[in-house]
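Q: The lines below spell out each chain.
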Amino acid sequence: TQLLEQSPQFLSIQEGENLTVYCNSSSVFSSLQWYRQEPGEGPVLLVTVVTGGEVKKLKRLTFQFGDARKDSSLHITAAQPGDTGLYLCAGAGDSNYQLIWGAGTKLIIKP
Amino acid sequence: NAGVTQTPKFQVLKTGQSMTLQCAQDMNHNSMYWYRQDPGMGLRLIYYSASEGTTDKGEVPNGYNVSRLNKREFSLRLESAAPSQTSVYFCASSRQGNIQYFGAGTRLSVL
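Here the protein sequences line up with chains A and B, keeping their order.
Residue numbers are given in this note's numbering: position 29 of the first sequence equals residue 29, and the series is strictly consecutive.
Residue numbers are given in this note's numbering: position 110 of the second sequence equals residue 110, and the series is strictly consecutive.
Okay, chain A solo, but in the shape it has when bound (with noise of 0.2 Å):
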């Protein structure tokens, strides 16, 4: 069975501070998503990452996926308030229509 986990579960912290978020697995995933979910709404998805070791930035959120392609991680930097939501990893593996989710990072920015 494939699992992923994730941490923290929950972060809360001051603007203008970093974070990163982890994602890992004992498994080796074809592919991993991460997604941003808002109170009252569903994920949406924020970035897929393919190649082992590859990183991607979008604005001030880095994604890096390991070489190995277990474990991947989500750091931001000056975080601001409006990045405050539930963060999900998912990594594609076996099935080609099943994905393999994290149980979510609640991440609170406060002013």
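Calculated directly from the structure, the hints in this document are not laboratory data.
Hints may be right or wrong, so weigh each one.
Output of the computed footprint for chain B on chain A, the stretches with three or more beta carbons under 8 Å from beta carbons of chain B [unchecked claim]:
#1 30–40
#2 44–58
#3 97–109
All values derive from a computational prediction rather than experimental measurement.
Using N, Cα and C, we set each Cβ at its ideal position, and we do this for glycine too.
Given the coordinates of chain A, assemble chain B onto it according to the supplied hints.
A: Just chain B, lined up with the frame of chain A:
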């Protein structure tokens, strides 16, 4: 720009009642999914439909049934609701590459 539309947005049921959650997508996607989201547990797949005419069980199918009515619509039915089915239900669709697009969710309480 409707994307994935879920109805209803909120529902309260008594134990033993039945109901159907509706989902429709206008992106011409082949695959559709039903998830439930509970605090601290991320998204758990209930059923999915890889293409029109097919449905398969996910991680937590017990107590649910689905119908892929046509390419656009995928419904989820609770035949005899139980308090353990209190959750937020999300429908999603995808074309390829496992990237999934989500509806806004149905918040269900079973008393």
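Q: Are the hints correct? Go through all of them and say.
A: The hints, checked one at a time:
no.	hint	result
1	30–40	holds (count 3)
2	44–58	holds (count 3)
3	97–109	holds (count 7)
When each numbered hint is compared with the structure, no violation occurs for any of them.
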